[in-house]
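First to last, the sequence lines map onto chains Y and C.
Under this note's numbering, read the first sequence as residues 1 to 285, first letter to last.
Under this note's numbering, read the second sequence as residues 1 to 607, first letter to last.
If you're looking for bench data, these hints aren't it; they were derived computationally from the structure.
No incorrect hints appear here.
Computed beta-carbon distance windows for the label pairs: (1) 35(Y) / 184(C): 32 to 38 Å; (2) 35(Y) / 306(C): 47 to 53 Å; (3) 52(Y) / 176(C): 25 to 31 Å.
Every residue, glycine too, gets a C-beta built ideally from N, C-alpha and C.
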Amino acid sequence: MLDIINLTRRFGGLTAVDGVSLRVAEGETVSIIGPNGAGKTTLFNLISGLDTPDAGSVQLAGHAIAGLAPERIAALGLARTFQHGRVFGNLSVRDNVLVGAHTRLRTARSGLPILGPLAELALALLRPAAVVHEERDLHAEVETILALFGERLQSRIDQPAHSLSYANRRRLEIARALALHPRLLLLDEPTAGMNPTETTEMLEVIRTLKNRGLSILLIEHKLELVMQLSDRVVVLDGGATIAEGLPATVRDNPQVIDAYLGRKHPAEVTNLPVRPASALTLEVA
Amino acid sequence: MATFFDNTINGLVVGNIYALVAVGLALIFGVAGLINFAHGSVYMAGAYVGWLCVTKLGLPLWVALPAAAAGSALLGAAIERCGLRALYGKARIAPLLATIGISFILDQASQLIFGPFPQAFPSPLPTTRFQLGRVSIGYLDLLVAAVSLSIGLALWAFLRFSRLGWAVRATAQDRDAAQQMGVDVNRVNLTTFALAAALGGLGGALVGMYYGSVYPTMGFQATLKGFAAALLGGLGSIPGAIVGSLLLGLIESYGVAVLGSSYRNLFAFGILIAVLVVRPGGLFGDRRGLPPEPMTGTFIATSRPVRLPPWAIWALGTAAVLLPLVVPNPYILQILINAWLYGLLALSLTLVSGATGQTSLGHAGLLAIGGYASSLLAVRLGWPVEVSILAAGLITAGLAVVLVAPAFRLRGHYVAIATLGIGEIVTLVILNWESLTNGPIGLPGLPPLSLFGTPLVSTQAIYWLSLGVMLVILLMHARLDSSHLGRTFRAIREDEVAAQSYGISLNRYKGLAFALGGFSAGLSGAITAHMYSYINHETFGNTISILGLTMAILGGMGNALGAVLGAALLIIAPEMLRFLGDSRMLCYGLALVLLVRFRPQGLMGTM
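Could you put the whole structure together from the sequences, leaning on the hints where they help?
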């Protein structure tokens with residue numbers, strides 16, 4: 001489904017993504033973990049077309065997509081969410097999800113220069129029966145998608161997105177991504193800032209999507225969630241892949257533990273002064 | 001060859017003056033993240049203070065120049081404290097609009113105080129020129145060089161060595177972090193504005209002396225040139241602003257020598273657009289940076305729109321149609337005709353700037369294109385007026401897309417500068433393309449409005465025509481708003497990055513928005529031209545762009561019905577305030593400032 005070979009992106013002297021290769025098979029859920037600044041989000045930006053790689057290739061279902069404009073990549077079936085949430089604040093929940101379906105609109109399809117946009121304008125003004133039907137079907141589908149999150153979003157369908165809680169905005173982002181009918185879904189820290197209950201709910205939502213056969217590439221810091229959902233885990237550090245494999249194997253990899261917890265400084269290991277227990281008790285007394 | 005050296009000296013001197021303006025803009029952009037459209041007005045104020053000191057009070061230069069700096073510093077501080085401080089943390093467009101309003105107020109105020117005409121500002125320095133080899137240099141050239149060099153050094157020392165200077169640099173790098181480290185960010189802002197204004201005012205006084213006159217609208221050109229220079233070097237960078245200014249001064253000086261002085265301003269605007277399009281980061285900036293992710297991407301005040309019930313809309317529409325039968329007073333009808341024609345402009349702006357989020361400050365240029373297109377078709381080709389008006393709408397639509405297309409990749413404040421520059425370029429082209437447009441003489445004797453071959457001469461007939469056209473466009477907008485295009489435009493406004501990631505082509509939809517907006521602005525300009533039976537390059541001045549934007553904001557950005565309401569209110573209200581005389585124009589600026597501060601979502605709410 002997704003095939004990344006040797007992808008590299010440099011910012012000045014810093015190599016944010018350094019020769020990363022990665023595959024996601026059809027129906028597979030792959031997680032990317034790694035400390036902050038490891039290059040995870042930059043990798044997502046490169047895949048989704050918001051940033052252009054300096055080297056390497058990206059293939060989505062057989063199409064070479066590296067360097068394409070984001071809208072072209074979206075049209076090929078890639079949907080993503082954003083780390084800090086990028087919902088359309090002044091649009092209603094419904095309209096946010098409808099925008100997600102933009103690539104599927106027959107009305108907006110013609111790519112001819114000048115004539116295409118004019119035809120789209122004419123269809124929007126005249127609204128023949130086909131356009132009305134398409135819009136009605138999409139509206140019905142929005143309700144179905146929102147049902148995935150229970151009452152959380154359904155009861156707020158006509159509210160502007162800026163009035164939603166942080167967790168609800170993250171949910172709305174996923175709903176919008178689903179409306180694209182993606183072949184591959186990129187989720188950038190879907191549970192960031194969520195409490196344990198909300199995290200469990202999100203885990204169930206992602207599990208449902210996985211069980212439906214959706215291919216998912218997931219960035220996540222909460223390892224418990226990663227262990228439960230992932231078919232494979234890729235660990236990034238300093239822009240490069242340092243480990244890859246089954247969740248359990250990766251978890252026990254010493255390099256990964258180092259990257260996450262940090263090594264002890266040699267001086268700390270050897271010269272750590274050990275306080276006598278008596279001194280402690282004296283202080284308390 | 002001698003002229004080459006003279007042009008170089010001239011370019012460097014003018015560049016030094018631009019640097020005083022551009023450095024101020026760069027300082028403010030760096031610290032407050034704001035493009036200060038009022039900067040030119042502060043510069044104008046400094047010029048007038050200098051002029052007052054020298055010509056009216058007979059003070060020597062070493063008093064007059066510091067006085068100009070001090071006076072404009074006070075003004076700059078007042079702008080920050082009273083006009084902008086309350087707006088930090090609000091919608092990002094708010095302070096930008098406030099500076100536009102403040103600039104409008106200051107320019108109008110100086111027109112009221114000093115009169116609209118240029119005042120002679122003779123330089124008190126001796127006019128003898130030295131001959132150094134092939135180059136001739138005057139005392140004034142030396143003064144300008146000395147002032148800007150010493151100012152540059154003083155500024156560098158201030159930023160480098162003083163505690164307040166450190167605070168300014170820290171705030172520019174990371175406002176939140178600076179605040180948490182105990183930097184009084186408000187004090188830094190105030191200082192920055194005062195400092196920038198002092199430099200600008202000094203620049204204004206020197207320019208006044210250099211060209212021998214001061215006039216109320218001199219600030220507008222200065223703002224644009226300052227932007228061009230600061231952008232060329234990389235917005236927010238002080239060394240960049242200085243280099244950009246010197247380059248701009250030289251390019252202008254050589255360009256004028258080759259092409260003639262009527263092209264002077266075209267270079268600045270050409271550079272402005274070219275830099276924005278090719279390298280928005282400027283010569284020294286990064287080319288490929290990705291904008292940070294906002295928590296919510298709202299560039300516009302959030303609100304829920306006020307929904308009128310359908311019967312109320314029908315009642316209002318019917319009342320508007322029947323009005324000429326009940327009130328045949330031509331004076332009242334003429335005011336309402338203006339309201340409907342401005343309504344077309346406001347509809348255009350509420351679509352382009354409101355719904356799609358592309359803040360346009362160049363719409364007067366679109367009106368001018370529409371007016372000229374229709375006039376030329378009717379006069380030169382003898383087309384029936386109604387056909388040429390319609391064709392003018394289509395031509396404006398096409399030209400709007402072509403002219404603004406290079407700026408489609410820009411965002412936020414940059415779009416505002418680009419459209420401002422594009423509007424000015426349109427005016428300059430009209431002025432200089434004499435074989436087509438008659439240049440400054442304009443096109444007199446335009447045929448009157450007509451419909452199906454019948455000339456419309458009665459005020460009632462013109463009223464119905466303009467109302468009819470406006471209503472058709474209003475209905476079109478309402479229908480678009482409920483279609484997929486309505487939400488697609490708004491998705492671009494809310495967050496371009498997210499919109500693109502969901503398959504929305506920015507070029508396609510910004511193009512559509514500007515085409516639609518150009519169409520209704522073009523119709524408005526065309527109808528206005530035939531109604532006055534005369535058009536020239538000043539018929540649609542740049543204040544009209546600001547007025548149209550104010551109408552759209554007053555109604556509620558993106559709200560079509562609101563735009564018409566805003567237009568009607570802003571056209572009718574000044575008529576009721578006739579007793580105020582010329583100061584009525586001030587009210588427009590004041591309305592914008594108050595609106596942005598107290599009701600940014602407008603009367604009918606953002607849609």
